[in-house]
Amino acid sequence: MNHEEIEISVKNFNLWYADNQALKNINLDIPRRRITALIGPSGCGKTSFIRCLNRMNDLIPTVRTEGEMLLNNENINHKDVDVVSLRKKVGMVFQKPNPFPSSVFENVAYGPRIHGEKNKQQLAQIVEESLKNAALWDEVRDRIDRSALSLSGGQQQRLCIARTLAVHPDIILLDEPCSALDPISTSKIEDLMVKLKEHYTIIIVTHNMQQAARVSDYTAFFLHGKIIEFDETKKLFKKPKEKSTEDYITGRFG
Amino acid sequence: MKVRENVVKIGLCSTSLMAVAALFIVVAYVFFNGAGIINLSFLLESPYRFEYGGIFPQIIGSLCLVGICLLFAVPLGVASAIYLVEYAPDNIVTASVRFFIECLAGIPSIVIGLFGLVFLVYRLGLGISMLSGGLTLGFMILPWTVRASEEAIKTVPYSYMEASLALGASKWQSIYGVILKSAYPGIITGILLGMGKAMGETAVVLLTAGSGLESFLPQSILDPVASLPVYIYMLATQGHTEASYSRAFGASLVLITMFLIISMFAMFLRNRYITRNSGF
Ligand SMILES: Nc1ncnc2c1ncn2[C@@H]1O[C@H](COP(=O)(O)OP(=O)(O)OP(=O)(O)O)[C@@H](O)[C@H]1O
Ligand SMILES: [Mg+2]
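So the sequences go chain by chain: A and B.
Heads up: the first sequence at position 1 corresponds to 1 in the UniProt record's numbering, and the numbers run straight through without jumps.
Heads up: the second sequence at position 15 corresponds to 15 in the UniProt record's numbering, and the numbers run straight through without jumps.
In short, the hints are calculated from the structure, not lab data.
C-beta: ideal position from N, C-alpha, C; glycine also.
Please note that a few of the clues may not be correct.
Claimed, not checked - No farther apart than 30 Å at their CA atoms in a straight line, the calculated lysine-lysine pairs in the DSS-like style are these: (1) B:2 to A:89; (2) A:89 to B:197; (3) A:96 to B:154; (4) A:79 to B:197; (5) A:118 to B:171; (6) B:181 to B:154; (7) B:171 to A:96; (8) A:120 to B:171; (9) B:9 to A:118; (10) B:2 to A:79; (11) B:181 to A:96.
Unchecked claim - Computed footprint of chain A on chain B; a stretch qualifies when at least three of its residues, placed anywhere within it, have a C-beta under 8 Å from a C-beta of chain A: (12) 152 to 166; (13) 170 to 181.
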């Protein structure tokens, strides 16, 4: 861990939904241009955690947070932070594919347009590049003007990834991106992540232990709103320090 | 059990047939009584007393009134709906505003017409005019456009909003670029219903826009203006001759047809939008 550059540093972070504390004293350093996997049983707070990294939890009125999340030495949760530009830097792919009900092209072009790109050629180029990076280009190149809703679930999820890439974020949050996908789409997305980490810091929530072991460099194990263990993936899976981590990754629990 | 299923089915079927038949009789009656009088000169000439001439100023007047009404009610209605759904705090004030709009939709049109007459025509000095009539019609359909737009906006899945915000769009960009685009078919349907109400409305127009028999085209929006419903009303209540009744039916047929054409156009817009955006 010492040799890694840190992208996000989380310090003594707590989160409540009204009176229900969902995250308890989280401390975590997320390395730059690596894949960090978040694992843990359902309801342990993984989604709550990553939704803080791009302030999506602002949309939930009952949420209250405490503690620091530092991105480039700036506290993400400070009230003066420009949320819009934070979200441009920290892209998110949701658990359920949620393409807009417009064409494949429009879906990918939406972000760059919002951020001021008007040049048609430039847009077309960004769209093509993003779709290529999301391993979807070959499948949709002939129907780029067809509705995104006519794509399969796996294609839709890759479209959502392309849509996020088109904004050129620094960090990509993926919330169980493969949970609804077949093994072929899943392996495409895994290959994609490995390719993307050259340029992006990736945080992925997954319930699939093999997936975490295969693609991630670091893994954090969440339980009841706490981080029980955080380590290099190899070490954590080979020799977990905590009993509960071992129980969870070997499937004896959760 | 099976028998009871069938009895229910047959009962429901015959009831709906009766409903359709009743509607059909009305339309057929209008058609047979009105079709004879319709020709080019009826459509393109001005009326002269109750029994002569055409209904050109009435057609144009109705279109202008509906146009002003929509220009007023649609932007205001859609904007209020956006505010109510996306921005208004979830509290008692908002709830009261919703309830108030709900109630406004139920006010009889003659009451709104009276308001238009006293407030717009006299107090604001707009006179009996196209502007007064159009605005009063706008007041009449405003609650309907607010409600229809609200419903349409509410049916857009929240995940679209989340997706847009997560891409770094501001709230307004998300509403404009995603929510309104998806709500558009529903909003169109709501506007269409409002337009139908406005086009057929008689009481409001009679009190605020003109006597219906005007044989001239308005030169400005402050001139009185004729309209099909008021023309029909005048002919039906004061004509008392065969010729004036058949003219009333002819005008009715034109009114119905205009409404059909506009509905079909709106449907076309809506369907083109839907097929373009929902795959297949
Ligand atoms: N919008 C919300 N309002 C209130 N409580 C919530 C909300 N979202 C999550 N919670 C609570 O916070 C806790 C953590 O939920 P979270 O969704 O972060 O878990 P998770 O680890 O992502 O689970 P899963 O693996 O099932 O997605 C749960 O107890 C949940 O009930
Ligand atoms: Mg979750």
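Hint-by-hint comparison with the structure:
1. B:2 to A:89: violated (63 Å)
2. A:89 to B:197: violated (49 Å)
3. A:96 to B:154: Given that 30 Å is the threshold and the Cα spacing comes to 20 Å, the pair holds.
4. A:79 to B:197: Roughly 48 Å separates the two Cα atoms, so the pair is violated.
5. A:118 to B:171: holds (20 Å)
6. B:181 to B:154: At roughly 13 Å apart (the allowed maximum being 30 Å), residue 154 of chain B and residue 181 of chain B satisfy the hint.
7. B:171 to A:96: Distance ~21 Å between residue 171 of chain B and residue 96 of chain A Cα, so the pair holds.
8. A:120 to B:171: holds (25 Å)
9. B:9 to A:118: violated (58 Å)
10. B:2 to A:79: It is violated: about 66 Å lies between the C-alpha atoms, which goes past 30 Å.
11. B:181 to A:96: holds (21 Å)
12. 152 to 166: It holds, with 8 qualifying residues against the three required.
13. 170 to 181: holds (count 5)
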